[in-house]
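Full structure from sequences and hints, please.
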Amino acid sequence: MWFARMSILCGVLSVLAWTTALHAQQVAPQLQAVLQNAAGEKKVPVIITFTDRADISRFSGHGKRMRRRLISESLRTRSLRSRKTLRRFLRDRGATRFKPLWLVNALAVEIPARLAGKIARLPGVAKVSLDYTLHLPPVEYDDTGAVQWNMEMIGAPALRDIGLAGQGVVVATIDSG
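Here the numbering used here is used: the first residue of the sequence shown is 333, the next is one more, and so on.
If you're looking for bench data, these hints aren't it; they were derived computationally from the structure.
Please note: incorrect hints may appear among the correct ones.
Below 27 angstroms or equal to it, Euclidean Cα-Cα: the simulated DSS-like pairs (lysine-lysine) are [claimed, not checked]: (1) K450 <-> K431; (2) K431 <-> K375; (3) K416 <-> K450.
For each label pair, taking beta carbons as the anchor points, the in silico distance ranges come out as [claimed, not checked]: (4) Y473 <-> A370: 35 to 41 angstroms; (5) Q480 <-> L454: 17 to 23 angstroms; (6) G456 <-> F391: 21 to 27 angstroms; (7) D507 <-> E484: 21 to 27 angstroms; (8) P432 <-> Q499: 47 to 53 angstroms; (9) G500 <-> K431: 18 to 24 angstroms; (10) P489 <-> S389: 53 to 59 angstroms; (11) R401 <-> K431: 22 to 28 angstroms.
All of these numbers come straight from a predicted model, not from anything done at the bench.
For glycine and all other residues, C-beta sits at the position ideal for the given N, C-alpha and C.
Put into structure tokens, the structure is as follows:
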């Protein structure tokens, strides 16, 4: 009898540990760090990514324009379907600033901090991550006024010396990307 009870207890503890680990994976580490310092009602900007993925391989037989249109419609429809019920759930609980990210099937929204764990456990939610802005370092620009090496290479300074600076010339480039 003791062995049976211990087996059941170990099984329950294993399931609980697995569920906790799964939940931790669904809430991104950066968001977890912010949530530790946030009060329950403090608004936190998050991105909720859904599990549903569009199968765009079914559009391979169409022409380029038609395929692009069908893929776009499919992605938008799938995104709308994924966020429809969640949006009502979030609004009823104080969420604001909804922005659909249909291309990746996600929703950017500001939620009360207390909701992050609940959202991560909802069916159809793949991940809840912090929505933040990346800032690029400033670019250093050396404005010495000197002619660049490539201009010297094509002889531009000699042309400028005789008064030719490209007036009336149209330059065009065709680039395939």
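Here is what the structure says about each hint:
1. K450 <-> K431: Holds, at roughly 20 angstroms.
2. K431 <-> K375: Judged against 27 angstroms, a Cα distance of about 15 angstroms means the pair holds.
3. K416 <-> K450: 17 angstroms, holds
4. Y473 <-> A370: 35 to 41 angstroms: About 39 angstroms separates the Cβ atoms of Y473 and A370, which means 35 to 41 angstroms holds.
5. Q480 <-> L454: 17 to 23 angstroms: Hint violated: Cβ distance 56 angstroms, outside 17 to 23 angstroms.
6. G456 <-> F391: 21 to 27 angstroms: With Cβ atoms ~24 angstroms apart, the hint holds.
7. D507 <-> E484: 21 to 27 angstroms: 25 angstroms, holds
8. P432 <-> Q499: 47 to 53 angstroms: 49 angstroms, holds
9. G500 <-> K431: 18 to 24 angstroms: 47 angstroms, violated
10. P489 <-> S389: 53 to 59 angstroms: 56 angstroms, holds
11. R401 <-> K431: 22 to 28 angstroms: For R401 and K431 the Cβ distance comes to about 23 angstroms; the hint holds.
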